[in-house]
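2 protein chains.
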Amino acid sequence: MEQNMMLAYYAAGAGALALLFALFTLASILKEDMGTPKMREISEAVHEGAMAYLNRQYKTLIPFALIIFVLLWAAQYFVEQQPGSHLPVGPASAISFLVGACLSAVAGYLGMTSTTKSNARTAEAARSHGLAKALNVSFRAGAVMGLSVAGLGLLGVSVLYIIFGNPLIINSFAFGASAIAFFARVGGGIYTKAADVGADLVGKVEAGIPEDDPRNPAVIADNVGDNVGDTAGMGADLFESYAATTIAAMLIGNTLFGFPGIIFPLLVGAIGIVAAIIGTFFVRTSEDGNPQAALNVGLWVTNILTAAGTFFLAKAIFVGETAAIATGVFMAVLAGLIVNVAVGYLTELYTGTGKPSVTRIAEASKSGPATNVIHGLAVGMESTFIPMLVFAGAIYFAFWSVGSAAPADKAGLWAIYGIAMAAMGMLSSAGMVVAMDSFGPVADNAGGIAEMAELPPEVRVKTDKLDAVGNTTAAIAKGFAIGSAALTALALFSAYVDGVKHKFGLEEFVVNMTEPMVLVGIFIGGAVPFLVGSQTMRAVGEAAYGMVEEVRRQFREIPGLLEGKPGAKADYARCVDIATRSAISKMIAPGIVAVTAPVLVGFLLGAKALAGFLGGLTTVGVLLALFLANAGGAWDNAKKWIEQGNLGGKKSEPHKAAVVGDTVGDPCKDTSGPAMNPLIKVAGTISLILGPLLTRL
Amino acid sequence: MEQNMMLAYYAAGAGALALLFALFTLASILKEDMGTPKMREISEAVHEGAMAYLNRQYKTLIPFALIIFVLLWAAQYFVEQQPGSHLPVGPASAISFLVGACLSAVAGYLGMTSTTKSNARTAEAARSHGLAKALNVSFRAGAVMGLSVAGLGLLGVSVLYIIFGNPLIINSFAFGASAIAFFARVGGGIYTKAADVGADLVGKVEAGIPEDDPRNPAVIADNVGDNVGDTAGMGADLFESYAATTIAAMLIGNTLFGFPGIIFPLLVGAIGIVAAIIGTFFVRTSEDGNPQAALNVGLWVTNILTAAGTFFLAKAIFVGETAAIATGVFMAVLAGLIVNVAVGYLTELYTGTGKPSVTRIAEASKSGPATNVIHGLAVGMESTFIPMLVFAGAIYFAFWSVGSAAPADKAGLWAIYGIAMAAMGMLSSAGMVVAMDSFGPVADNAGGIAEMAELPPEVRVKTDKLDAVGNTTAAIAKGFAIGSAALTALALFSAYVDGVKHKFGLEEFVVNMTEPMVLVGIFIGGAVPFLVGSQTMRAVGEAAYGMVEEVRRQFREIPGLLEGKPGAKADYARCVDIATRSAISKMIAPGIVAVTAPVLVGFLLGAKALAGFLGGLTTVGVLLALFLANAGGAWDNAKKWIEQGNLGGKKSEPHKAAVVGDTVGDPCKDTSGPAMNPLIKVAGTISLILGPLLTRL
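Line by line, the protein sequences give chains A and B. Take the first sequence: its letters are residues 1 to 697, numbered as in the working numbering. Take the second sequence: its letters are residues 1 to 697, numbered as in the working numbering.
Heads up, a few of these hints could be off.
Put simply, identical chains are the same to the list, so a pair is met inside one copy or across any two.
[Unchecked claim] In the DSS-like style, the derived pairs of lysine-lysine whose C-alpha atoms are separated by at most 27 Å in a straight line are:
#  : residue 1 : residue 2
1  : K565      : K651
2  : K410      : K38
3  : K501      : K565
4  : K650      : K355
5  : K366      : K650
6  : K355      : K656
7  : K355      : K59
8  : K59       : K31
9  : K204      : K656
10 : K651      : K355
11 : K366      : K204
12 : K59       : K366
13 : K38       : K59
It is worth saying that the hints were derived from the structure and are not from the lab.
Next comes chain A alone, as it looks inside the complex (with noise of 0.2 Å):
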């Protein structure tokens, strides 16, 4: 066993190399020229409202978060222990959920740090040394968010494991994620696009002045907002599932297999970040060269590193009476990697500028933003039917690989660790994943500054381009955050339930959906994400017409600002703030219901009702995030389909109907279709905990 703890402080050891291989890249991006004191200047003004806004948004999160550490802590004197368990709860828990809650906060600033200290610099690398310079600039930037959230997840769980050697206590640490998590994608969700719609509605539509005019006082706000909402929303998002699945595959792990169980995940996320980490070298462009061609690149080595490492783990892992297993758990972890490359391509397929689905909405802008919006909720709908039958594939492929290779009376349960596999086989490419996801926002905050700084025309080219890749690059992203959490739900709740037998002392815990409280569950769980998807979609309505509003009080009252006459400055720090303040202020509430229904139904209605819930919403909720992201992806490019010159171009009615087609799907693809993610995992946390504390059926 000694000689076996050493395992998990490799696995310790690969999380601290990934932190300072991103802080050592962090160093080496600030020390690249900014540019022109314009630069600079509007360089800063985006990190600044960016940090105001973290500082805001983890300030108004504290007295939340003691509330919960006094709870986890408190929780212990009231529950009975069962003889020879742990409980979930206690000061062991209560400091796990302290600790996840603060790294998600870390990789939260550290990546945001990267991301908007390096616009001006891939700007200026554009000007001064060209597109593989600043795709180098800009994907590095990228690189120190995605190794900062796989680094810091794997470091959380291993050296807490080290410490307190019981994945269940732990699990609090994934909650403490998954809660920030939560408040990170709403409130980053509503700024973004409060800020987006605010600069869109105003400055392009009723101003006619072109995207990143400095004259248009949300501006600034708009880039904070790709900030806030794409790399730091994005990255707690995925630091959630990190930490969620490595700690449900762990603790199932542990009840079928003992220590091979739990060491086994936290060393796939071990080979995952080395192969994210030799994979980020082989993403390189020439001067004429394809930037999503090079990203490609990356994916694929990372992947096939951690296929191969994982192939030659599995075997030395799984031996004695487990051996049959090893190739199963392998296929399991295979058939997640599979997952991820086919979610994205279903993505780009949905979604992607100049494909028949998206040329179909803009053909309908023809006759109208009507016929636009109503083709556009019918993609977004069709979008999700091929998904789902992948996820099941994925579902069924997993449990019979793990539970075909298992010994016949062992078959159902073994098979169960598989699932759990599969979406630790997604997640270990997370590094490579946020990398890429996050290298976006930095191209489009460069073509921004290179706009206000007014760099040459060509620059701008080149950022595009750049930009352009960051768009796709975004949408595979937004399609591997579902799928997994699709997975990591499904493993939290075999892990719930695995949680629930032994706390009820069963020979198994049967969720049969003919009885009335599992359909009761399954009801009410459905109904969940379209309670928070409303309350989110109109928290972005509300704040993008506080945005609105002070855009155009600017327009008024500030003599000479929408002539462009010099020395009529736009006051921006307003319009940061009150996206932010709305953003704060907004996430409040779909808080509340995302954290306290698993807890109503649990403790009111019982462990069946909240096994049928924790299905309802898994099941509803990935619907919806497909939904929302494929339809909003889609009427997006659609937009820019016709803005490329078809149907009229700019300026042209199919062109204004397809505006309003954009504009409906910002909220659904930036706000509400993402908070389905933390949402499905948060109840999958809690409800871990809540398992062995439920005192009825």
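Since the structure of chain A is provided, determine the placement of chain B on it from the hints.
Then chain B, alone, in the frame of chain A:
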């Protein structure tokens, strides 16, 4: 037993009574005066268009029905019969299927004849006699549909039961009804919205002529659409719910209690029908009275009489060892009636003109169509939550009320009867609800005829008063259709589980959500409503596009049409034909999905996957039905609220934005949303047939 069987004849008698009452009422309506030759001409055009559509729809379905007929007949040779049990296939089942399909069609023809022949008569009644008489004519027209639906449903089930003596065989009656219902709902939904959107987009928005203006070539098609969508579609939908619920209740009742369990649902239906007939006599208003209040009185009388009758019936039927549950069964029926009222109230709360959620959408129209659409989506999503809690509560209450009265060892099993009884309770008032719903299109058409035949404006004021009430009753009926579909689907699910148990000789058929096949089924089932939603939404978009092109062409090519020159006559028939053809051709694809999906899941993945499929399909289907119906209703009424003079009234910028939302909402509330009800029910009735034929668990 001999004497007991008489009870089935009573049920058949009640069905026959309702049918006679409907025919008698229809005859009395036909004696009313049709008004001026112009009114008669328009009315006949609408009638002919509606009949042409129905003929084409049913003709298209004949080969489809014959294929299923042959499959049902032939299937007996491919499956092994369990000793002592009946197969749900063979000649008796095939014949039941055809009878179900035909009676659904008969109800459709009767109801459509009644409503399309009453529109001019209602207008004339408003002109020569006043509001009271107009309500009387239009409500009687609706009552023909309502009592045809309930009467034919009960008559068909009772007679088939008397002949075949086995509820499992006559379940094919429900399957026939549900196959027709799906096509009637989807085809009617596409028709009505293609015509409506086409008429509005070109007529109202582009050409700026009022609604129901005879210059608009799509105006007749629009009026036809109101009938084929709201009357025929809703009627077929509830006919299906009625048949499926009664049969599911009989199946479960048979397993648990034998004959009393079978006969009780039939007699609840009989009581409901008699109560509805009595209720129709209470729908009267004075000249300055409130028609809504009159309809409410009718509904309350029906509900109270049904509740009272059921109480005594339960005491009479459940005697001896089942006496304990008599009260429980009554309570379950009562729960159904209460859900009925609650869902109607909630629909009104979220979508009623002037309610906060509606005015908020209207307010959002001030910043354009995009924010209008965003807020509408938010209202739709929000509106699912409390109804789902109500359904969950009803499920729990129904289970509890029957289960807690049962002997301890049978509590779980007997409780399942509760859910079927709640569904039965809800549907017992179907006759009245359909009557209230079908009255709407009559009033709407009467208004159109008053406009087109240039009757004095005070006639239009009266028909508008009725039309407004019709919108409310339509909303209530929509909630009713969704709620009853949900409970029906659960009853079918329970009956399916029961069937699988027998087929595989299990002590209990456990649908355990932790098993991979169940999860796979839930995921696939959850995705199907989104796919069908997408297909139907796009169908409306495409059909409407064809209509828009045609209306534009006529305005362009028929000289003097737009200016209203005498002699320039729109080609109404062509628009009617376009709507008919596109509705028929586009209802096929979703129909194939609806019918084949459960078959594929059952045979390829097994009985557990099919159970999961039904669970996922029902949950997501009900959620989407609520979301789409209520979002559409709220958009519609937000526009109407502005038209009442708020926020600048008609032709203002907010009004234009609200028109976009209303148009988006059209396919949501009248095509895709309503398609969900038959979708979840047809899967249930098919699964009931499949259960005993499946070869693997």
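Comparing the hints with the structure gives:
{"no.": "1", "hint": "K565 / K651", "verdict": "within (25 Å within a copy, 37 Å between copies)"}
{"no.": "2", "hint": "K410 / K38", "verdict": "neither (66 Å within a copy, 79 Å between copies)"}
{"no.": "3", "hint": "K501 / K565", "verdict": "neither (71 Å within a copy, 80 Å between copies)"}
{"no.": "4", "hint": "K650 / K355", "verdict": "within (19 Å within a copy, 39 Å between copies)"}
{"no.": "5", "hint": "K366 / K650", "verdict": "both (13 Å within a copy, 24 Å between copies)"}
{"no.": "6", "hint": "K355 / K656", "verdict": "within (20 Å within a copy, 31 Å between copies)"}
{"no.": "7", "hint": "K355 / K59", "verdict": "neither (44 Å within a copy, 37 Å between copies)"}
{"no.": "8", "hint": "K59 / K31", "verdict": "neither (31 Å within a copy, 76 Å between copies)"}
{"no.": "9", "hint": "K204 / K656", "verdict": "both (11 Å within a copy, 20 Å between copies)"}
{"no.": "10", "hint": "K651 / K355", "verdict": "within (22 Å within a copy, 37 Å between copies)"}
{"no.": "11", "hint": "K366 / K204", "verdict": "both (20 Å within a copy, 17 Å between copies)"}
{"no.": "12", "hint": "K59 / K366", "verdict": "neither (48 Å within a copy, 35 Å between copies)"}
{"no.": "13", "hint": "K38 / K59", "verdict": "neither (31 Å within a copy, 73 Å between copies)"}
Going down the numbered hints, you'll see the structure goes against 2, 3, 7, 8, 12, 13, while the others check out.
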